[in-house]
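Top to bottom, those sequences are chains E and V. For what it's worth, this note's numbering labels the leading residue of the first sequence as 98, then goes sequentially. For what it's worth, this note's numbering labels the leading residue of the second sequence as 51, then goes sequentially.
Keep in mind the hints are simulated off the structure, nothing from the lab. Careful: at least some of the hints might be erroneous.
To be verified - Covered, in the sense of this in silico footprint (three residues per stretch, anywhere, with C-beta under 8 Å from a C-beta of chain E), are these stretches of chain V: (1) 103–116; (2) 130–139; (3) 218–225; (4) 246–253.
Predicted, not measured: the structure shown is a model, and the values here were computed from it. Ideal Cβ placement from N, Cα and C applies to all residues, glycine included.
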Amino acid sequence: MADTLFHKVWNAHAVRTLPSGQTQLFVGLHLVHEVTTPQAFDMLRQHGWRVAFPERTFATVDHIVPTRSQQRPFVDLMAEEMTSALERNCRDAGIRLWAPDNENQGIVHVIGPELGLTQPGMTIACGDSHTSTHGALGAIAFGIGTSQVRDVLASQCLALDPLKVRRIDVNGTLGRGVYAKDVILTIIRRLGVQGGVGYAYEYGGSTLEAMTVDERMTICNMSIEGGARVGYVNPDDTTFAFLRGRPFAPSGDAFDRAVAWWRQIASDANASYGDRVSFDASAIEPTVTWGINPGQSVAVSEPIAAEPNDEALAFMGFRPGARVQGTRIDVAFIGSCTNGRLSDLEEAARIVRGHRVAPHVKALIVPGSRAVRREAEARGLHEIFIDAGFEWRGAGCSMCLGMNPDRLEGNQISASSSNRNFKGRQGSPTGRTLLMSPAMVAAAAIAGEVVDVREILEGVPA
Amino acid sequence: MTASPQPSSPSPGAAGAVTEIHGRGLPLRGHDIDTDRIMPARFLVAVSFEGLERHLFEDDRQADARHPFNDPRFTGASILVVNANFGCGSSREHAPQGLGRAGIRAVVGESFSEIFQGNAAMLGMPCFVASHADVERLQTLIETAPQTSISADVASGTITAGTLAFAATLPPALRDGFLSGQWNPTAMLLANFDEVRAVAARLPYIRGF
Numbered sequence: 098m099a100d101t102l103f104h105k106v107w108n109a110h111a112v113r114t115l116p117s118g119q120t121q122l123f124v125g126l127h128l129v130h131e132v133t134t135p136q137a138f139d140m141l142r143q144h145g146w147r148v149a150f151p152e153r154t155f156a157t158v159d160h161i162v163p164t165r166s167q168q169r170p171f172v173d174l175m176a177e178e179m180t181s182a183l184e185r186n187c188r189d190a191g192i193r194l195w196a197p198d199n200e201n202q203g204i205v206h207v208i209g210p211e212l213g214l215t216q217p218g219m220t221i222a223c224g225d226s227h228t229s230t231h232g233a234l235g236a237i238a239f240g241i242g243t244s245q246v247r248d249v250l251a252s253q254c255l256a257l258d259p260l261k262v263r264r265i266d267v268n269g270t271l272g273r274g275v276y277a278k279d280v281i282l283t284i285i286r287r288l289g290v291q292g293g294v295g296y297a298y299e300y301g302g303s304t305l306e307a308m309t310v311d312e313r314m315t316i317c318n319m320s321i322e323g324g325a326r327v328g329y330v331n332p333d334d335t336t337f338a339f340l341r342g343r344p345f346a347p348s349g350d351a352f353d354r355a356v357a358w359w360r361q362i363a364s365d366a367n368a369s370y371g372d373r374v375s376f377d378a379s380a381i382e383p384t385v386t387w388g389i390n391p392g393q394s395v396a397v398s399e400p401i402a403a404e405p406n407d408e409a410l411a412f413m414g415f416r417p418g419a420r421v422q423g424t425r426i427d428v429a430f431i432g433s434c435t436n437g438r439l440s441d442l443e444e445a446a447r448i449v450r451g452h453r454v455a456p457h458v459k460a461l462i463v464p465g466s467r468a469v470r471r472e473a474e475a476r477g478l479h480e481i482f483i484d485a486g487f488e489w490r491g492a493g494c495s496m497c498l499g500m501n502p503d504r505l506e507g508n509q510i511s512a513s514s515s516n517r518n519f520k521g522r523q524g525s526p527t528g529r530t531l532l533m534s535p536a537m538v539a540a541a542a543i544a545g546e547v548v549d550v551r552e553i554l555e556g557v558p559a
Numbered sequence: 051m052t053a054s055p056q057p058s059s060p061s062p063g064a065a066g067a068v069t070e071i072h073g074r075g076l077p078l079r080g081h082d083i084d085t086d087r088i089m090p091a092r093f094l095v096a097v098s099f100e101g102l103e104r105h106l107f108e109d110d111r112q113a114d115a116r117h118p119f120n121d122p123r124f125t126g127a128s129i130l131v132v133n134a135n136f137g138c139g140s141s142r143e144h145a146p147q148g149l150g151r152a153g154i155r156a157v158v159g160e161s162f163s164e165i166f167q168g169n170a171a172m173l174g175m176p177c178f179v180a181s182h183a184d185v186e187r188l189q190t191l192i193e194t195a196p197q198t199s200i201s202a203d204v205a206s207g208t209i210t211a212g213t214l215a216f217a218a219t220l221p222p223a224l225r226d227g228f229l230s231g232q233w234n235p236t237a238m239l240l241a242n243f244d245e246v247r248a249v250a251a252r253l254p255y256i257r258g259f
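Model the full assembly from the supplied sequences, consistent with the hints where possible.
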């Protein structure tokens, strides 16, 4: 019977139906970081429980690491204590950890795919809502809370209700200067920040088929901003080519056998869905948020559509009917699990090359992982950024969230390639975030205000 | 071969059944209140949940002296009444942990983010879903008469407050878990470890393809 990837993966991992009616679902890969796990390890100790599958559990440090200097001990003593606690917990349990000084360290959602840990057909869990990112490779990946982290550590299982699947087709060719970030912001704007509750989002159509795995990760990453806990793209030749040769991917004959299974696990052509929606790629424009949730966005040239008494307008300091284009920015941030990969930095560098950051703008480039940083340096991207006046930082979550020294101050306005524009999200209670593609952030950094990246790209060779 | 990888231990869910929540209410108006607002990120730089109740809505409370969590009329409330998409955003359990540690035992709202509702359930805190009109009526009632005693019945989903009574829902699995005292699933997940091993052993990526 024709079925979706979601249901095939679910069924392959279902252990049994619990007395509650929920499914006991086996978790194929558990990713762990320093913020949402110390309490879970404590709970295990209180019960005298061991980690059931340490070999299916991998850890890194990303949220609290400083990006300016990653010298230990960290200046923030609590950040140091959290890192030490994770090191101790992983050592005791036999869990592989990529600590801040390890060459594989990085944002958990960047390194999973990078190392080939993330594979099609897996169930994945991590104590972080952006775990949906891993769906870009055809995995079913759940963001979970700390009590669930405890459950996965102790049993390698979660108790879950199944989700419905909404198929989201995007067809056609994106215009120049329009990126995966614009696609997902447009999807969330139309379907709403709550529209995905109860659904897994399956993204497809010719636009998604033409995208790289990096671009698909940007889309799947922000599924949760649309309310969908899970988002995925069916695995295809692009996925398999991405995985070949990665350290934890199968190799040799096993790779070919894996590809055969990965093809089977994809949604069947005539699968039925709980809902279907479609988007025309050619109608999507460079998109920016104007408000305090990721659904509050507009095309850069378009006036803000909001009720005059909307609290978001007051917080952001926009008048109804105003345009975001032309808004003076204080900070430009390129990084995060949404847009901190090598291809994001390459696109930003194409725009930055030969220009200078506006004098009043503090501009940061924060690679999503040490590997991204190394590869960018091998290609000379760091020199382009440094010459232009950007700060070139170490890997981590950085200014996406206020959990490390990289924070907005006062009511600064930030052009940010990250995923959330919530009040206070970037570390200052009155700080203001404008979400956009990395290319748009790069263009804003140079202009000192929000601009339409298409105008800049006119002078850049294709 | 043992059925469980773990030494026997009482279920952490043995805290008991959650059948009815009584208490005064705290009305918190607004849609899409995210977990960064409930518990700002800087308070997650810690290795325990202790003391989180002090930082609940800290930035919103600083910005607005009349924030309901600043209002002494609602001190001691145990039922939080919210609007749509409450708890969206980050999966941080620190948000419901902070609420629970501040004395909140149940939340009544128009809708919740899935992760927040699940995290709250793991702490024995039901998140009841009711209609927009009923939630607004309850919020208005509490604002007018903060001493009103509210009761939320898990089995029937009935919310009662003074002369107001309306129906609310919980996902059936969570409702049954609260009623049976099995709202924390760890013990159930550990009860059949041979089956877990068997599923793992069948998965192509664990077998090495």
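Against the structure, the hints:
{"no.": "1", "hint": "103–116", "verdict": "holds (count 4)"}
{"no.": "2", "hint": "130–139", "verdict": "holds (count 4)"}
{"no.": "3", "hint": "218–225", "verdict": "holds (count 4)"}
{"no.": "4", "hint": "246–253", "verdict": "holds (count 5)"}
Checked against the numbered hints above, the structure breaks none of them.
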